[in-house]
Amino acid sequence: MTGTATPRSEGAIADFGIDTTAQSTREAVRDYAARLRGGDLGSLPAVLGLAALVVVFWVLSDGFLTLDNTANLLAQGAGKMIIAMGLVFVLLLGEIDLSAGTASGVCAAVMAMHYVRSGNLLGGMGNTVFYVFVGGLLIAALLAVLMRIWAGSVLALVAVGIALSGAAPNPWLEMLLAVCVGAAIGVITGFLVSKIGMPSFVVTLALFITWQGVILQFIGDGGVFGIGTQPVLFAVANGNMSVAGSWVLCGVAVGGYALVVLGEHLSRLNRGLVTAPTPIVVAKIIAVAVVAVPATYALNLNRSSNDFVVIQGVPYVVPVVLVLLVAGTYALNRTRYGRHIYAVGGNAEAARRAGINVSRIRASVFVVASSTAALGAIVYSSKVGSVDPQAGGLNTLLFAVGAAVIGGTSLFGGRGEVFHAVVGGLVLAVVENGLGLLKQPAAVVNIITGLVLLLAATVDALSRRRAAVSR
Amino acid sequence: MSEPILELTGLNKSFGPVHVLHDVDFTVRAGEVTALVGDNGAGKSTLVKCVAGIHPMDSGAVHFNGERVSISGPRDAADLGIEVVYQDLALADNLDIVQNMFLGRERGSGWLLDEAAMEQAARETLASLSVRTVKSVRTPVSALSGGQRQTVAIAKSVLWESKVVLLDEPTAALGVAQTRQVLDLVRRLAEQGLGVVLISHNMADVFSVADRIATLYLGRMVADVSTRDVTHAQVVELITAGRSGDLGLARPENATV
Chain A
108 MTGTATPRSE GAIADFGIDT TAQSTREAVR DYAARLRGGD LGSLPAVLGL AALVVVFWVL
168 SDGFLTLDNT ANLLAQGAGK MIIAMGLVFV LLLGEIDLSA GTASGVCAAV MAMHYVRSGN
228 LLGGMGNTVF YVFVGGLLIA ALLAVLMRIW AGSVLALVAV GIALSGAAPN PWLEMLLAVC
288 VGAAIGVITG FLVSKIGMPS FVVTLALFIT WQGVILQFIG DGGVFGIGTQ PVLFAVANGN
348 MSVAGSWVLC GVAVGGYALV VLGEHLSRLN RGLVTAPTPI VVAKIIAVAV VAVPATYALN
408 LNRSSNDFVV IQGVPYVVPV VLVLLVAGTY ALNRTRYGRH IYAVGGNAEA ARRAGINVSR
468 IRASVFVVAS STAALGAIVY SSKVGSVDPQ AGGLNTLLFA VGAAVIGGTS LFGGRGEVFH
528 AVVGGLVLAV VENGLGLLKQ PAAVVNIITG LVLLLAATVD ALSRRRAAVS R
Chain B
1383 MSEPILELTG LNKSFGPVHV LHDVDFTVRA GEVTALVGDN GAGKSTLVKC VAGIHPMDSG
1443 AVHFNGERVS ISGPRDAADL GIEVVYQDLA LADNLDIVQN MFLGRERGSG WLLDEAAMEQ
1503 AARETLASLS VRTVKSVRTP VSALSGGQRQ TVAIAKSVLW ESKVVLLDEP TAALGVAQTR
1563 QVLDLVRRLA EQGLGVVLIS HNMADVFSVA DRIATLYLGR MVADVSTRDV THAQVVELIT
1623 AGRSGDLGLA RPENATV
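Residue numbers (our numbering), protein chains in the order written: chain A, 108 to 578; chain B, 1383 to 1639.
For the record, the hints were derived by calculation from the structure and aren't laboratory data.
Do not take every clue at face value.
[Stated by the list, open to error] Okay, the calculated bits of chain B under chain A, using three or more residues with CB under 8 Å as the criterion:
| hint | stretch |
| --- | --- |
| 1 | 1409–1418 |
| 2 | 1473–1480 |
| 3 | 1484–1495 |
| 4 | 1517–1526 |
| 5 | 1558–1568 |
[Unchecked claim] Examples of chain B residues toward chain A, derived with CB under 10 Å:
| hint | residue |
| --- | --- |
| 6 | Ala1434 |
| 7 | Pro1438 |
| 8 | Val1466 |
| 9 | Tyr1468 |
| 10 | Asp1470 |
| 11 | Leu1631 |
[Claimed, not checked] Computed list of lysine-lysine pairs in DSS-like fashion (alpha-carbon distance at most 27 Å, straight line):
| hint | chain 1 | residue 1 | chain 2 | residue 2 |
| --- | --- | --- | --- | --- |
| 12 | A | Lys546 | A | Lys490 |
| 13 | B | Lys1517 | A | Lys391 |
| 14 | A | Lys302 | B | Lys1431 |
| 15 | B | Lys1517 | B | Lys1431 |
Using N, Cα and C, we set each Cβ at its ideal position, and we do this for glycine too.
Generate the whole structure from the sequences, applying the supplied hints.
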C-alpha cells in the first residue's frame, strides 16, 4: 500500500508535505490505538460491554442464550432502541428531548384509537378534544411552514386528513397516522426550542407531563386499547419473516454492506483519496458476515417449545431496525443535512457564520426524534398488544437516552451515530432480560441498569476530558 | 492606485445605547493589503462583522465593484466573494479539515455529498499554500495545533473564488515561524489580485505587509493613509490619541462612544 495520486494532481500532492492518502494495516491499527488513547472511544466500550454481558448471563442462566429468548429479547428491546435512534439526532446538537417517550405514547394512543373506534376519532375523543387535536395539528403544520420544515408540515396535514376523513381502519394507515402525529409533536417542540429560545430541557420536561395527560385523556382512566386482534399491528413485533425471506434479508444486508463499503473503498483508492487499508475494509465486511449468517441460521431454526407450533424466521423488528439504521446513517454521514447537524453540534457559531440556518436545523431534529419515537411506539405497543395510559411513560424515555449514551453518543453534542443507539439498546435489553431470567426483583434490575448508564456517562465525560487535554 | 473593490460609506452601528461605529468610511482595493488598526473596543471586529453580514448595519452604503449592494446575511457576503477569517477561527472541532473547509457550501447534490471532489479540492488548495504540517486532510480539527487551525481557516477562505478576504488578528496566537508563514500567505493573496484586510495589533506585522493603514479611534475612522507616508510612531499616536500632527480627528478629546 503506497500513496498513489491521480495523475492530474500529482505535483500538488507531492507539495503537500507529509500528507498520506493510504496507510499500511499496521499504521492504521496504531492510529486507531492512538485515537482510543486520545479519548475517541466511539462504540467500543459498549460493544465490549455487550459481549461481556452476554457471556455473564450465558454462564449464569440456562435460559438466556436460547433461541426463543434471543428472539424475544430483540423484540423487547426494539421499541426503545428505535426511540433512541431518533434521539441521537437531538443529542448530536447537545439538546435533550425528555418528551420523546410520552410523545410516542400519544402517537400509540391515537393509532390504537383509530383501530378500536373503527376510524372514528371524533367519537373516540369527544367533540371538544377532537377539535383541539385537529387545531393542534393545523398549528403544527403552520409552524412547520414558518420554519420551512416542509416534511413536518406535510406530515401534520396528512394527520389532519386522516382524522377528518374518518377513514376505515387499516393497519398501514394507522401506522402512518402515528408517525404523522409524531412529526406534528416534534414541530411544536422544535418551534418552542429554536424559535422561542427556551432550553430544550424545560420545554420537553413540560411537554413530557403534558403528553402524559393527553394520553390519559385519549384512553381514559384505567382504560386500555387492545390492538392485538389486528393481525398486522400485532405482527410488527411478534411476527417473523419466512425462512426464505430471512435468508434474502441476510443476503441483502451483508451483500449491500459489502457492495457499498468495498465500492467506495475502491473508488477512493483509484482517485488517490484518504482511505483505510484494504485488509481492514475486508475484515469489517467479514465481521459483518460472521455475525449475520449464523444469526440468520439460528433464528431460522424452530424455536417453539410446543411440538404443534412452528416458530422460525427472523423477527420483523430486525429489518425495521436495520432499515432505520441505514437511513439514519445515510442521512447523518452522506447528506448536507447530516453534515450541518454535526457542524451545529460541534460549533453552532461556526455553523451560523457558514450560512447554515441553525434554528431550522435545531427545530428539525426534534421532528426527526418525535417521528422516529412514533415508530418505536408502534413496535412496543405491538409487543404487548395494547396501549394503556402508561404507554411511553415510566422510564421509556430514560432507557432510550441511556441506550444512545451507552452506545457512545455524547450528551455534550457533536459526537454520535445512529449505530450507537442500536448497540446501547442491545446492552440495556440484555441487562433487563438477563436479570429477569435470573429472577431478580425489579429493585435489582433498576439499580443495575442505572449503574450501567452511570458507567457509560462516566466513560463519555472522561474520554471527553482526555480529548481536551491531549489537544 | 486601483479602483476600490469594496467601499463602505457612512456606516453606523449601535448595540442598544452603545454607538460603536460613527459614520465610518472604509475602502478596500484589489491587490492591496489594507491594515485595519485601532485600540481594543475601537470597533475593528464590529466593522468586519458588518461587512460579513453577521451584524446588520444601522445605516450606510456598501459598493462592491462600483455597484451598490446590500449585505443582509453571511450568505450575501459569501456570494459577493467576501470571506472572513475570524479571530476564533469558527471551525467545528468534531469535523475534519475537508468538512470544515466546505462547511455550508458542500459539493454534491442535496441527497448525496460529493466527498471525493471536496477532498481533492481541499488538498489542492492546501498544497498551493504549501502547507506541510498536516498529516491528512481527514484529520479532525480537534487534533490540530493553533497554527494548523489558522492555516485551515485561511485555506477555507481562499478555497472559494473570493475577491476580498478579511483576516481578524490571524497572527495573535502564533509563534515566530508560523507568523511569518501566515504573513507571506497574506502577501500572496494580495499578489493574486484579492483585496485583503488585515486586522492586527502588531505594528511590525502591519508595516511588513500592509500597503495602506486605516485607523479606527472610538468607532471613528481617523486616518486612511499609505504605509509609506507614515511612521510607526505616528500610527501608534493615531491609535491611542486619535490624532497625529495633521492626521486624525480635529478634536479627538470631544469624541465619545
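List, from low to high, the hint numbers that the structure doesn't satisfy. The structure breaks hints 1, 5, 7, 11, 15; every other hint is satisfied.
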